[in-house]
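With the sequences and hints as input, model every part of the structure.
Protein chains: 2
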Amino acid sequence: MRVAIAQLDYTIGDFDGNKAKIVRSIRQAKAEGAQLVIFAEQAISGRPAYDLLNDPVFLEQCQMTLEAIAEQSAGISVIVGLPLAVDNATISAAAIIKEGKVIKYIGKRHVMSRDETLHLGNSKGFEIVRIGDMNIAVVIGSDIHIHNLDFGSDTDLIVSLKSTAYSRGVVAKRHDFYAKMAYRKHAKLIVVNHIGGQTDIVYDGWSAVFNDRGECISLLKGFEEDFTTVDLGADLPAIVLPEQDKDENVYRAIRVGLKDFFVKNGFSKAVVGISGGIDSAVTCALAVEVLGRENVRGLIMPSKYSSNHSVEDSVELAQNLGIRHDIINITDTYTSLREAITPLFEGKPFDATEENMQARIHGAMLMALSNKLGYIVLNTNNKSESAVGYTTLYGDTVGSFCILGDLYKTEVYSLARYINRRNRVIPENTLTKAPSAELRPEQKDTDSLPEYELLDAILYRLIEENQSVDEIATAGFDYDTVKKVYTLFIKNGYKRYQTPPVLRLSTVTLGKGKILPLTYDFSCLL
Amino acid sequence: MRVAIAQLDYTIGDFDGNKAKIVRSIRQAKAEGAQLVIFAEQAISGRPAYDLLNDPVFLEQCQMTLEAIAEQSAGISVIVGLPLAVDNATISAAAIIKEGKVIKYIGKRHVMSRDETLHLGNSKGFEIVRIGDMNIAVVIGSDIHIHNLDFGSDTDLIVSLKSTAYSRGVVAKRHDFYAKMAYRKHAKLIVVNHIGGQTDIVYDGWSAVFNDRGECISLLKGFEEDFTTVDLGADLPAIVLPEQDKDENVYRAIRVGLKDFFVKNGFSKAVVGISGGIDSAVTCALAVEVLGRENVRGLIMPSKYSSNHSVEDSVELAQNLGIRHDIINITDTYTSLREAITPLFEGKPFDATEENMQARIHGAMLMALSNKLGYIVLNTNNKSESAVGYTTLYGDTVGSFCILGDLYKTEVYSLARYINRRNRVIPENTLTKAPSAELRPEQKDTDSLPEYELLDAILYRLIEENQSVDEIATAGFDYDTVKKVYTLFIKNGYKRYQTPPVLRLSTVTLGKGKILPLTYDFSCLL
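Protein chains in written order, with our numbering: chain A, 14 to 539; chain B, 14 to 539.
Heads up, a few of these hints could be off.
Which copy is meant is left open, so a pair is good if it fits within one copy or across any two.
Below are the DSS-like pairs computed for lysine-lysine, each with C-alpha atoms no more than 30 Å apart in a straight line [unchecked claim]:
no., residue 1, residue 2
1, 272, 508
2, 525, 508
3, 496, 32
4, 361, 282
These are computed hints drawn from the structure, not numbers from a lab.
Here's what the structure looks like:
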């Protein structure tokens, strides 16, 4: 049997657009002689739709779109995912279409994703359908990971409709899992994923077909829409799965996420506050690659505490990228703000207050440009500084979208070097100088924080590996340093509560993967 | 049998503090001759603890605290709630302590609350325990609402450990539910709730005892800690449940929520930007009641677009409240900011950009005072303006906590009148003048929005009642107005994503009760 796989980029709620893409793929599948074409989980609606999944109008649109798709499906079978209203709940389901009619729905048994748990109900789980000469087990989403799924001995093909987001290391792990599943179940296996950005999520594609020896016989592209047909009857040669390069995947994930954030929201232009540091340089370079240099501009906003090199490095970056850049010295505005409010300061000396004032003027200027001319402000925070609150709320935390916020500082450097290997745009000095907020004389990040190599190692254990302070200290880190980092992490949760959406690239994104109370006594955890 | 009920205010993670309160109540119960004392759901840990519920150190502390409590329980039985680690999940459980030993755990069957769904697993549900001469069905949390719970005919007493937050209208509904439950099950019923604020949640207390005819025979206080003992063998007279006044309950809920936000975070002082409008007046008045006038100050920040009366009304409010207030004219800082950035504006005229600039200077000044002197900025947004985005991100949206953000504008007026009936502090002019942001000449809110009576009626249907645009229009509202309000609601989700925690007072708090994607095509819903 020839089977087609359509790996597409859907927009949540754009039923006409999603339908058009799906129908186009159905036609192509028929043209290529396929008897069956398969689409991803919740393809019809786009995902994750959160509380739209409980909106009757939204669900009705899902149903109407499905019916319209079925009408276009004469002469081919279709498996397509959608949210489905059942008794007082919505489930994630696959519709099975045969001869232009929906003959069956198969639901997801366990809702596991944090993006869906609040909004979807559980269901019966996988079922076997007969299509062509094959018994096909159709499994929705994370159900494929349920321990000891028993498809029975008559199953020829397992079809896994997925919506798997990119996160570091996930691609290789996923392929390995599917290969073993096909081998162990003695069945062919097809996995169909989404691709594309949905605000803070990037679906990475890499849909695939495995034979019953667990060999990959067809692999669709990563981070791009793709379509293929495969003759499951033929003894196709095994494909060697490509090596996954972390920096390249992060780079591609950000490109997709940023592109779709702009396209799906109808935005075209971005502004970045360029500081001469690594975060704004990488953000700017990526924005230019995705949006084109004519759609990106930089704002360089030195104060009296800025070093000469920071403006020079900023200008060099902008020139390397060929983008418009303006220099606005904030000193007068800062002086004016400071003079207005200082009478209330009871004679207290210069401290973080004045640093924050400068950062907030930066924020206000970026937002003014955004409000007046429609440039979207790209936030430049990284995961290390967000984790420990080395940020100014309403200052450098402003923006509509944060593309580096799930990368530790050391990972941002790694990504910067990757970008420079492709195209040398980030100034050498930006890569080599010591990081500084430059909001007071001779400031360095290490005045307040451990060196980033150390900080990131601690944070990774704390956040990604969920280790306790004691566990991290036992692993060889200085207890007081770990305790300080942990304390900063907890105490600055209130800042992270008010920051822009962060593109998710890790397994535990701040504020999403680990949700903590804003008010609690954390001394019990030290 | 004499039973004691302890209705307490717990702090999440403060195991020593929670234990001390619990042990004190156990002693009091024994002193009053009780054979059993009952505490609320997750009393030992405080609630909601979010991902702390999956932190092994946190769970170990729960267990150690429980053991310490059991040791103090000689001569009395105890039912107390806590999170409990079971095979690879955490459940919400009741520990049954008899003769100083934990003899049994009873778990919650269905996790229903959006604050827990991501963090807790399901369990077996209620069980019957024998204590004294009674068969007691112990039910955790929302399990009491499971349809057709069958406690069997031998059950003498139903004990419902709860953690029910205040929301409009909930108190009367809850008492009615319990009365009917006791009547229908022919059993006595005791419900034990928390009281106190947990960041954005206020537990309202009102624990109660019902006889098997469904009559309330003991009612603990609302919004305060309380303790009582009841002789279940005696034929106690029925209590007439008090009328619930909405404004009074909202007022009391905010007082508790604000107080605990400060106490549990170790804060003492607040600053409010006073505009002369109703929202800042009510926020300020409530802050003074809770924190004392010596701990609250106002910042009055007129610009050249401010009317004279707005400064006068602001000063009058501050004087009525007896709080320190400072007037800082923002014109110079605004001029400086505007002159610095305007060269990039391509000659475009005055618009919302300049309004936002002024609001962001307000925000920067409030935050500067906060950073320098430790005053917590209280945000003054209301639900109507947040819903339609009639706010400036990083401007009037700044702050650590928002106490009015779950009240529509018309409800804020109602609360203001309630406050003035108690103590006439809010200036008459603030109550009667037309609302205005005063960020451009002669501005009125109604330049951009429908009258608040109309706006709030539409928003209530949209948000609280989950009605579609068509349903609202069919109910008699102008279609274009509804569509405009709906569009504003959706388009401004990005602002609500970045705003401070909002004290929850309604059944659907923005950003919590209704979670929507930030990027989607909402034309399908119009």
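Do the hints match the structure? See the list:
1. For the identical chains of this complex, residue 272 and residue 508 are neighbours both inside a copy (27 Å) and across copies (21 Å), given an alpha-carbon limit of 30 Å.
2. With identical chains, the CA atoms of residue 525 and residue 508 are at most 30 Å apart both within one copy (14 Å) and between copies (18 Å).
3. With identical chains, the CA atoms of residue 496 and residue 32 are at most 30 Å apart between copies only, with a shortest distance of 25 Å across copies and 53 Å within one.
4. In this assembly of identical chains, residue 361 and residue 282 lie within 30 Å of each other by CA distance solely across copies; the values are 17 Å between and 42 Å within a copy.
Hint check: no violations occur; every hint is consistent with the structure.
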